[in-house]
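**Student:** Build out the structure end to end from the sequences listed, making use of the hints.
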Amino acid sequence: MNQTAKKWLTFTVRWGIAVAGITYVLAQTPFHDELMMIPPHHHHIVRVRVLNEPSENAQTFRVIADPKTGLVENIARGDVWTRPDNKTVKLKIHGALTKVKLLAIRPGEHHEMGAMPAELLVVNPATGRPMRVPPTDAPGGYKVRVPYPLVDIGVFRLVYNARLGYLLAALLVLPISYFITSRRWHMLLDALDVHISQSSAFVLNMVGSFYNTFMPGSTGGDLIKAYYAAMHTAHKVRAVLSVIVDRLIGVLALIILGGAMCITQWQVPDCKSVGFVSAGILFCTAVGLVLYYHRGWREASGLAWLLKRLPMQKQVHLAVEAMDLYGKRPKAAFLALVMTFPVHMTTIICGTLAGIAFGLKMPVIYYWTVIPVITLVAAIPISPQGAGVMEAFAVMLTKDHGVTVSQAIALAMAVRFAQMFWNLLAGLFVLRGGYHAPTVREQADLEADDDDLEEGLEKSEVQNPKSETPASETVLGGYKTA
1 MNQTAKKWLT FTVRWGIAVA GITYVLAQTP FHDELMMIPP HHHHIVRVRV LNEPSENAQT
61 FRVIADPKTG LVENIARGDV WTRPDNKTVK LKIHGALTKV KLLAIRPGEH HEMGAMPAEL
121 LVVNPATGRP MRVPPTDAPG GYKVRVPYPL VDIGVFRLVY NARLGYLLAA LLVLPISYFI
181 TSRRWHMLLD ALDVHISQSS AFVLNMVGSF YNTFMPGSTG GDLIKAYYAA MHTAHKVRAV
241 LSVIVDRLIG VLALIILGGA MCITQWQVPD CKSVGFVSAG ILFCTAVGLV LYYHRGWREA
301 SGLAWLLKRL PMQKQVHLAV EAMDLYGKRP KAAFLALVMT FPVHMTTIIC GTLAGIAFGL
361 KMPVIYYWTV IPVITLVAAI PISPQGAGVM EAFAVMLTKD HGVTVSQAIA LAMAVRFAQM
421 FWNLLAGLFV LRGGYHAPTV REQADLEADD DDLEEGLEKS EVQNPKSETP ASETVLGGYK
481 TA
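In our numbering, the protein residues as written are 1 to 482.
Mixed in with the good hints there might be a few duds.
Here are the computed distance ranges between Cβ atoms for each label pair [stated by the list, open to error]:
no.: 1; residue 1: L337; residue 2: L51; range: 49 to 55 angstroms
no.: 2; residue 1: F214; residue 2: A279; range: 31 to 37 angstroms
no.: 3; residue 1: G288; residue 2: A58; range: 53 to 59 angstroms
Treat the hints as calculated values from the structure; they're not laboratory data. Idealized CB from N, CA, C, for every residue including glycine.
**Tutor:** Structure (structure tokens):
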């Protein structure tokens, strides 16, 4: 398969996932207030639109019972059903304990945690059709674990009634991360003997953020950063690798933070799954680093043999050279990892403030589990900017805390739009500096490293990198760099 075909295939798959995810999310998202009910002489749940923005404590709800005719009815509180707080429930059916699918719950007089509902709607294992059963059919009686709201508040009402002060605070907290990530990348560049000024690293970081968000094609922001950083050094491939390592450190810190917070929410099944996955990734990462940096173990494990037989040996050799440099200067990588935690904390605080603005009844501590996971999903190139996937994970991880679908979508979109706002402002650096996406030929030039490859490590060990930096200034995209 040629390179063009691969690019089109990747483009099609990623955007296909995005479209499928967004379509699914939109299908599940109520834009107007809705509630669940069972019409007379039926056993199937239907969702109907609620009028007049009622409160959760209302005793009657005015709904559009028939969208085709516009028929309006009043529904008593006791006839309203809610989403289930479990996927299945064990019931005594014909004297045997059977696990069945739980479709909905009709709340009792007290709709709160630990209360017994009035009725359960389950799938009849014999017929496959919905069946209404009393909660006493469950061993010990069924108790509500998470009380889901009676009224599923729509997106329009959420946005209209959002607390603007909290949304503004969520927006203003994010810029801190841009200064930290710029400093982090500058340290990683310096450790590879790629010397640009801190101001230039900040500018290129902002330019990369703009391209990552608004031009998410084959030419992303990471490539832009690497290309313009490479203009400052003979170690072109090292500049590219610094961007890759910078991204990997960001993801690793996110996994550490999200995995650690999942321990505090171990009772939630989805959090337990995320915790196990995070622990597995961190374990594999630690083993890989130990095997790589211990020369004897690298040979014994077969890793050295594998590295010598990988394709694109020139790039592999350069990557090994860069990794060895980081191994000899571990302080830079360690500090970069430590500096990444405040970056993710600003995003978590942003999400927490947005959740409060939209009225999510979720413990503050749980945001420290949800936000890292959905941010991690957005960072992984499953779809452009994690479109569709990020929202789906937000719904999945918050449902066990009584958060409605529309609230979960609003939370994810608030974090996304806050980042997009500042990335859009980063476009000012693009306009001022005249930064452009590199052409195919310019991208190919990144593979050329003008330093002698074999002696690079030895030379870096005996020479002071600072002394090799030219005293004269050069200009990069309209900005002076030392």
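**Student:** Which of the stated hints cannot be reconciled with the structure, identified by number in ascending sequence?
**Tutor:** none
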